[in-house]
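Q: Chain by chain, the residues:
Protein chains: 2
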Amino acid sequence: MPDLEFLFHPRSIAIVGAPSDPANLAGGSVFVHALLESGYKGGIYPVNPRACQIMGLDCYPDVGSVPGPVDHVICCIPASGVPRLIGECSAKGVRSMSMFTAGYSEADGHDYETERRLALLAREAGIRLLGPNCMGIHCPSTGLSYQPGHSQEAGPVGVLCQSGGNSNVLKFMGDDRGIRFSKVISYGNAADINEADLLEYFAGDPDTRVIAAYIEGTRSGPRFFKALAGAAAAKPVIVLKAGLTEAGQRAARSHTGSLGSPADIWNGLCRQAGAMQAHSLDHMLDLVETALYMKPPPGTRAGIIGWGGGASVLGTDTCERLGLSVPQFSLRLKEELAGFRLAPGASVGNPVDSPVITMPSQLVNAMSVIAGSGEVDLLLVQMPLDVSHALQRPSVWEATGEAVLQGQERLGGVPLAIVRPHTAHPDSMAHFNAFRQRCAAAGVPLYPAFSQAASAISAFAWYHRWRTGRLFPT
Amino acid sequence: MPDLEFLFHPRSIAIVGAPSDPANLAGGSVFVHALLESGYKGGIYPVNPRACQIMGLDCYPDVGSVPGPVDHVICCIPASGVPRLIGECSAKGVRSMSMFTAGYSEADGHDYETERRLALLAREAGIRLLGPNCMGIHCPSTGLSYQPGHSQEAGPVGVLCQSGGNSNVLKFMGDDRGIRFSKVISYGNAADINEADLLEYFAGDPDTRVIAAYIEGTRSGPRFFKALAGAAAAKPVIVLKAGLTEAGQRAARSHTGSLGSPADIWNGLCRQAGAMQAHSLDHMLDLVETALYMKPPPGTRAGIIGWGGGASVLGTDTCERLGLSVPQFSLRLKEELAGFRLAPGASVGNPVDSPVITMPSQLVNAMSVIAGSGEVDLLLVQMPLDVSHALQRPSVWEATGEAVLQGQERLGGVPLAIVRPHTAHPDSMAHFNAFRQRCAAAGVPLYPAFSQAASAISAFAWYHRWRTGRLFPT
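As you go down the protein sequences, you meet chains A and B in turn.
1 is the number of the first residue of the first sequence in our numbering; add one for each residue after it.
1001 is the number of the first residue of the second sequence in our numbering; add one for each residue after it.
Treat each hint with caution, since some may be false.
[Claimed, not checked] These stretches of chain B come out as covered by chain A in the derived footprint (C-beta under 8 Å, 3 or more residues):
1. 1273–1285
2. 1319–1330
[Stated by the list, open to error] Residues from chain A shown here face chain B by an in silico Cβ test under 10 Å; the list is partial:
3. ASN133
4. GLN162
5. THR245
6. ALA247
7. SER258
8. LEU281
9. TRP307
10. CYS319
11. ALA346
12. HIS422
13. HIS425
14. MET429
15. PHE450
[Unchecked claim] Label pairs and their calculated CB-CB ranges:
16. B:GLY1374 x A:GLY443: 53 to 61 Å
17. A:SER220 x B:GLU1153: 54 to 62 Å
18. A:ASN267 x B:SER1280: 18 to 26 Å
19. B:GLY1412 x A:ASP62: 47 to 55 Å
20. B:GLY1374 x A:ASP62: 49 to 57 Å
21. B:MET1359 x A:GLU37: 24 to 32 Å
22. A:GLY413 x B:GLU1153: 45 to 53 Å
23. A:SER220 x B:ALA1338: 29 to 37 Å
24. A:GLN392 x B:GLY1268: 42 to 50 Å
The set of hints was computed from the structure by calculation and includes no laboratory data.
Just so we're clear, the structure is a prediction, and the values are computed from it rather than from any experiment.
Don't be surprised by glycine CBs; every beta carbon is placed ideally from N, CA and C.
Here chain A stands alone, though its shape is the one from the complex (with noise of 0.2 Å):
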C-alpha cells in the first residue's frame, strides 16, 4: 500500500482555530462544516480556547485537551502559532497536518527558510504536512472533505492540486459534468508532501484510474520527472502547468511561492515523461473524460460523420488544426458509402455529410463500413444541435443518438467519440448532461464541440501512442 495511504484513514480530526462564528467561512468552520456533511464518522473536535461549542459540536481549548487519539490536525492559527502547535500534536501522537494557514514562501518577502524549518519541525515530530497555504484532503470513500456542496460519491478521479480555489472549481465542474473522484488533494506551498509523492501515491492507488494535476511549481526537477513519468506508464495523467508565461510565473510566486520553469523545457519534459498537458480546468476535464471513456486509438485518422455541410466543412478544419487527421476515403469505400443514399448530394468522401433526414439504421450502417474499412484509427460521429426547447417539440435526433451508441457493437473495435452541440439554453444543456451519461455507461465520450474532441482525442491518441512505446522506441 502506497507509504501516504494512512493520509485517507484518520480515526479523527481537529479542527484547530475554528471560529465560534460559523458564518465566517474564511476560518476553520468551512472544514467543520464540510466534514459534517459529507459524512466523516471519525471524531471531528473543533479547538478554539474562546468557544464551548462549534455548529453542534463540543469545542476543546487544545488539542491535548481532546479525548482519545487524535490521527489529523487542519490547522488554521496564524502562522506565528504554528510551532507550539506541532510540539502539541507530536505529544498528542498525530500523524498528519493540513495547513490553512498561510504566510511563507508566497508572502511578500517570500520567506522560504522558515517554510523550510516549519517542514523539517514536523518531521522531527513524525508528522506528514499538507500545505502550508492549502485545503487539505476530499476523499468521498472515507467522508473526507474540505468544501461543502460537492458530490460524496465517490469515482475514479485522483486530483492533486496546488491551489484550493481551482481544486474546488475542479471538483464542482466535474461533479456537474457526471465526473466522480476517488481523492482531491490540494497541497498548497509543498513544504513537505509535494507533487512527485502525490504522483507517486496516485499511480499505486487502486481506487484511482486517471490521473489529474495542476502544478504551479517543482521545487526538484529530476525527482519530478522519475514521478511523473510512472505515474504516466501506470495510468494516463493530465498536467496542468500554471505560470508558463512570464506574468504567471509572477502570478504564481505570490500564490504559492512556485518558482517558474520556462514553457518549452516544462513541455519537453512533458512529453519525455508521457504526460497530457492541459491549458484550463476546462480542458483538463475534457482529457480526463477522454482518458476515461475512450478506447485508445491506434493513430489519429478519424473518420468524420458531420451534421450537414457547413458543420462537417468546419469539423474536418478543427480536427486538422488541433491533430488529428481526415484522410480521403479510397474510391471503394467512397462508392460502397455512396451506396447508402444518405442524402442527396451528402458528400461521402471523408468527411462524410450525414443525412438530415434519414433512418438511423442507415447512419450506423455507414458508421460500421467506414470502421471496417481499416482506413481510420476512430470515428467522431456529430449530432444536431439541440434546440428542441426553440421547436417546443421534444428532439426528433434522440433515437439517432441511442442506435449511434448502440452501433458501437458493430464497428469492430474502433473507437467511437460524439460531438452533439448545445446552446446556452438550460433544456439543450440538460439534455447535453442526460445524453452524457449514457455515452458515460456506453464507454463513448461526449463533447459539444469539435474542438473539444480534436483536442483531447488527439493528445489521448498521443498517450497511448507513447505508453505503448511508438513514440520513443529503444
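Position chain B against the provided structure of chain A, taking the given hints into account.
A: This is chain B only, laid out in the frame that chain A set:
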C-alpha cells in the same frame, strides 16, 4: 439605400416545389412553415401542381397562376426544371429568387458551367439569385425566415453565411445568448449574389452594427478584398473561413463548390482588410458580443482581478497566451492597492487576487484605482464560479456582480469585461444567462472563461488599432 435592399421587402413570396406533406421538411414546406410562424405580412403562395392546399394555404399549379404580383420566389424543385421556372418568373415580374435547389458546382463532377449559365439566365430575366444550394433570407423586421423556432426580435447583427445549416446553428446559438439579428443570409454557391455583394450591403445597412461572415470560398479575390476592407472601415466584421486545411478545402468543394485559398494568403488578406477572424461558430459569437458591447480598448494591457489565487494565475497565463499583456503594476499602484487590505496575503501586483470574503465596495475601489493609474488599457474582472445550486442557497456573490457593473462609472472610460464561469448544471447556466442580460444592458461583455475573453478582446483591440490607422499608418 444599398441596391440589395429590395430583397428584404417582397410584397409576396411563392414557394415553388412545396410538398403536400408538411412533415417532409426536406422540401419546401419548411419555408412555408417558417414564413407563417415569423409573421410575414405579404402573400405566401405554395406552388405545386399536385396539391390543392399546403398547411392551410391555397396551392397554385404554377407561378403564373398566382393572383397578384410575386416579388420573391423560393425554388425547391429539381435542377432540371429551373430554366423553365426562370422563364415563368420573368413573365410574372419576379425580382429575386432564393434557390434551395442543389446539384450544381458542389455536386460530383463540380459543374461550374451549368451554374454560370443559370446566373446568366437569371440576369437576362431581371432576377437576382441567392444560391443555388442555400436557405435564403432571414429578416425579423419584415417577417422573412427560412427556419421555424428562431427569435423574431430584430437586432444589430448582420450575417452572411455560405452554409444554411451553419446559419441555423449560428442563429439558434445566438438566440440563446441574447444576440439578435438584423438579417441572416444563407447564400450557398453564390452563382449571382456573392459574399462581396452582401458585405457591401451590410456595410451600408443602418440596421446592422456588426457583420459576421461564414465563407467557404470566394471567386474574385480583388473584389472581395475591397468589399471586406470597406465593410471593416464602416463597422466591425468577423470572418470565419472554412476550408483552411487541405481536408477542409476538399469538404468545402463538395459542400458549396468552393475553391480553397491557402491559409496564409487568406490570413494576410483578412489582416490587411481589418477583419477579425473566428475559428468556430462559438468563437464568432464571442467576437460578435465583444464588438457589440465592449468599449474599444486603446491597447492590450489588461488589469486582471481574479477570483482567488489559482484562478488569477491561470487567467494571467491565458491572457498572455492569447494576445493580451498583463503588465506588473508600479510600486506606487501596488502600495495603493495594498491599502485596501483586500484579503490576507492577496496578491496586488497584477493579477490582483480578489478577496474571497470582502465588501463589494472594496473591489470597486480597487477597480477604480487600477483604471485611474494609466497602467492598463482595459480591466478584466472575474466573478466566482456559480455553484449556488450545489450549495442550495442563492449565490452570495450576485451583489458583487451588480456592484462591479455599477462601478463601471468610476473607471473613467477604461473598458471593462467580466469573466464568470459556470458549470454544466442548468441552473448555473441560467444564472449566467441572466447576468449576461444585465451586462449587455450595461455595455459590458461577459465570458464564461478567461480563454474566451482574452481571445475575443485581443482581436477587438487589434481591430480598433486597425480602424484608427495605428496598424498600417500611411
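Q: Hint by hint, note whether the structure agrees.
A: Okay, the hints, checked on the actual structure:
no.: 1; hint: 1273–1285; in the structure: holds (count 4)
no.: 2; hint: 1319–1330; in the structure: holds (count 7)
no.: 3; hint: ASN133; in the structure: holds (8 Å)
no.: 4; hint: GLN162; in the structure: holds (7 Å)
no.: 5; hint: THR245; in the structure: holds (4 Å)
no.: 6; hint: ALA247; in the structure: holds (4 Å)
no.: 7; hint: SER258; in the structure: holds (9 Å)
no.: 8; hint: LEU281; in the structure: holds (7 Å)
no.: 9; hint: TRP307; in the structure: holds (7 Å)
no.: 10; hint: CYS319; in the structure: holds (8 Å)
no.: 11; hint: ALA346; in the structure: holds (9 Å)
no.: 12; hint: HIS422; in the structure: holds (9 Å)
no.: 13; hint: HIS425; in the structure: holds (4 Å)
no.: 14; hint: MET429; in the structure: holds (5 Å)
no.: 15; hint: PHE450; in the structure: holds (8 Å)
no.: 16; hint: B:GLY1374 x A:GLY443: 53 to 61 Å; in the structure: holds (56 Å)
no.: 17; hint: A:SER220 x B:GLU1153: 54 to 62 Å; in the structure: holds (60 Å)
no.: 18; hint: A:ASN267 x B:SER1280: 18 to 26 Å; in the structure: holds (25 Å)
no.: 19; hint: B:GLY1412 x A:ASP62: 47 to 55 Å; in the structure: holds (53 Å)
no.: 20; hint: B:GLY1374 x A:ASP62: 49 to 57 Å; in the structure: holds (52 Å)
no.: 21; hint: B:MET1359 x A:GLU37: 24 to 32 Å; in the structure: holds (28 Å)
no.: 22; hint: A:GLY413 x B:GLU1153: 45 to 53 Å; in the structure: holds (50 Å)
no.: 23; hint: A:SER220 x B:ALA1338: 29 to 37 Å; in the structure: holds (33 Å)
no.: 24; hint: A:GLN392 x B:GLY1268: 42 to 50 Å; in the structure: holds (46 Å)
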